Amino acid sequence: MLETIPDSVLALIGQPQYREVSEIEVEAGYIYNSCAATRNGNPLFWDRAAADLLTGGPIAPPTMLSVWFRPHHWRPGATEEQKALQAHFDLKRLLELPEAIIADNEMVFGTPVRLGDRLQSWQVVRSISELKTTRLGRGRFWVVEVSMENQRGEFVGSDSYTAFGYTRTGQAAAR
Amino acid sequence: MTTATPSRLLGAVSEGEALPPLCHEVTATTVVLGALASRDWRPMHHDRDFAIHRNGVRDIFLNTPSQASWMERYITDWSGPLGRLGRMKFSMKDSIFPGDTMVIDGHVLAVTAAVEGFGWVDLALAIRVGERLASSCQVRLALPVTDTDNPWLCPPESWRP
Numbered sequence: 001m002l003e004t005i006p007d008s009v010l011a012l013i014g015q016p017q018y019r020e021v022s023e024i025e026v027e028a029g030y031i032y033n034s035c036a037a038t039r040n041g042n043p044l045f046w047d048r049a050a051a052d053l054l055t056g057g058p059i060a061p062p063t064m065l066s067v068w069f070r071p072h073h074w075r076p077g078a079t080e081e082q083k084a085l086q087a088h089f090d091l092k093r094l095l096e097l098p099e100a101i102i103a104d105n106e107m108v109f110g111t112p113v114r115l116g117d118r119l120q121s122w123q124v125v126r127s128i129s130e131l132k133t134t135r136l137g138r139g140r141f142w143v144v145e146v147s148m149e150n151q152r153g154e155f156v157g158s159d160s161y162t163a164f165g166y167t168r169t170g171q172a173a174a175r
Numbered sequence: 001m002t003t004a005t006p007s008r009l010l011g012a013v014s015e016g017e018a019l020p021p022l023c024h025e026v027t028a029t030t031v032v033l034g035a036l037a038s039r040d041w042r043p044m045h046h047d048r049d050f051a052i053h054r055n056g057v058r059d060i061f062l063n064t065p066s067q068a069s070w071m072e073r074y075i076t077d078w079s080g081p082l083g084r085l086g087r088m089k090f091s092m093k094d095s096i097f098p099g100d101t102m103v104i105d106g107h108v109l110a111v112t113a114a115v116e117g118f119g120w121v122d123l124a125l126a127i128r129v130g131e132r133l134a135s136s137c138q139v140r141l142a143l144p145v146t147d148t149d150n151p152w153l154c155p156p157e158s159w160r161p
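For the protein sequence lines, the chains are A and B, in the order given. In terms of my numbering, the first sequence opens at residue 1 and continues consecutively. In terms of my numbering, the second sequence opens at residue 1 and continues consecutively.
Any given hint could turn out to be false.
To be clear about the criterion: a stretch of chain B counts as covered by chain A if any three or more of its residues have a C-beta under 8 Å from a C-beta of chain A, and this derived list gives those stretches [said to hold, decoys possible]:
| hint | stretch |
| --- | --- |
| 1 | 33 to 44 |
| 2 | 60 to 68 |
| 3 | 72 to 79 |
| 4 | 83 to 89 |
| 5 | 152 to 160 |
Below, in silico cross-link-like pairs of lysine-lysine (DSS-like), each with a Cα-Cα straight-line distance of 25 Å or less [unchecked claim]:
| hint | chain 1 | residue 1 | chain 2 | residue 2 |
| --- | --- | --- | --- | --- |
| 6 | B | 93 | A | 92 |
| 7 | A | 132 | A | 92 |
| 8 | A | 132 | B | 89 |
| 9 | B | 89 | A | 92 |
| 10 | B | 89 | A | 83 |
Please keep in mind that the hints were generated in silico from the structure rather than gathered at the bench. Because the structure is a prediction, the values reported are computed rather than measured. Cβ coordinates follow ideal geometry from the N, Cα and C atoms, glycine included.
Pulled out of the complex, with its shape left as it was, chain B reads as follows:
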């Protein structure tokens, strides 16, 4: 498989390996862009008064689908386009508000032996704001074994994330 953007291969990944952190200054635009892109019209993601007076938080906050999209971007920045998500589990611990500096980091929990040209990598990720853990996330990602393998071409009956 030849691509303009190289992908990480399974053999290049080891347990405990840290992924490079991603830092983003969250603004009201970050929150609203993410909400609109995910077709989430609920007011706590665009209406500050509603967030304060109905939800009891200090501002509008990043919605769940946006956080998932940020995680996906973070993972595939590391894996390249042949990295195929199999499963993602989030726990929201605290909200992410405009004015926060969001830092996504993570490490490899486990690497599973390859079958059919790909293997599974389990990742533990987090979104932090300063010392505060905002969200934790566990991800199962398929990576190719060789540069001729492609997890996206795995037949449905063999895809068991």
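Chain A with its partners taken away, still in its complex shape:
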């Protein structure tokens, strides 16, 4: 764990990183999986006629925004596990904090995400705290914001995560 934040890490704050197009199109299979996992019977996601009438065709549940940007666990040519929210994992590595949890998450929803959309996103580190001690261990809080738009350049939402990266102190984290 680093006692001070290197200038090279401070320089990342506010800088757009990792602009990328999602690996998958928005598709019905994951929408059904998500609704089934939470027993969500909203007719917008199960009844095509209702979706046509109310939303001009099928849309994805708004809270699935982050789903479309998670990489496959493996793909041809990959030599290691693929990770979402790379800016977050960069901070873990650069600050030498081996563990992390997400403490807060804020989503803003824009234009509805529709079946067949191919979204793109970019990540911005918004802040990094001083060292803090919690019941999990000692480390730092940081905020990474992901902004997303569709293939027409329309804002579809943002997803902001407050994480705590830490080094464990004994068994204090167990609960």
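With the hints as your guide, set chain B onto chain A.
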């Protein structure tokens, strides 16, 4: 607007109103289904040994996107399909594990006057396990004013959650 499933109208909502609680018995399947549906392959959501020995918690636990999806389901069960989410903020206070009975509850914080056929409702929600607060959540939701209004049809330039 005519739908098979009626939607709650803004005028039917009042500040302080409680939403009916939703109770769910969380199992390992709940956690793993939610993780896979959200394409979250991280091991603390499917590998109990990893959760215990690396994260220092007692079991695999419900991931953030799954909790958001549960909240969305809870809200639209109440609002009907014309309820359109504008903003959602979570604070995770404690983990939700297999064997927990998860109870989602909430109430209306504020109702904002309508513009362009819809108005905003601010909700304060929580996921509890027994006496333990697992997550708190604040939500901004658009509701139609009349049964001919539809927040989903709001033009992007007027959609300011």
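Now the hints, each set against the structure:
Proximity of the stretch 33 to 44 of chain B to chain A, defined as three or more residues with a beta carbon under 8 Å from a beta carbon of that chain, is established by the 8 residues found. With a cut-off of 8 Å between beta carbons, the stretch 60 to 68 of chain B has 4 residues touching chain A; three or more are needed, and the interface restraint holds. A stretch counts as covered by a chain when three or more of its residues have a beta carbon under 8 Å from one of that chain; for the stretch 72 to 79 of chain B and chain A the count is 4, and the coverage holds. Note: the stretch 83 to 89 of chain B has 6 residues with beta-carbon separation from chain A under 8 Å; the three-residue rule is met and the coverage holds.
Counting residues of the stretch 152 to 160 of chain B whose C-beta lies closer than 8 Å to any C-beta of chain A gives 4; at least three are required, and the coverage claim holds. Taking the CA atoms of residue 93 of chain B and residue 92 of chain A, the gap is near 21 Å; set against the 25 Å cutoff, the hint holds. Only pairs whose Cα atoms come within 25 Å are accepted, and residue 132 of chain A paired with residue 92 of chain A is accepted, the gap being roughly 15 Å. In summary, the hint linking residue 132 of chain A to residue 89 of chain B is supported, as the alpha carbons are separated by about 23 Å, within the 25 Å threshold.
Distance hint between residue 89 of chain B and residue 92 of chain A is fulfilled; the C-alpha atoms sit about 23 Å from each other, no more than 25 Å. Of the pairs offered as hints, the one joining residue 89 of chain B and residue 83 of chain A holds, with about 23 Å between alpha carbons and a cut-off of 25 Å not exceeded.
In terms of the numbered hints stated before, the structure departs from none.
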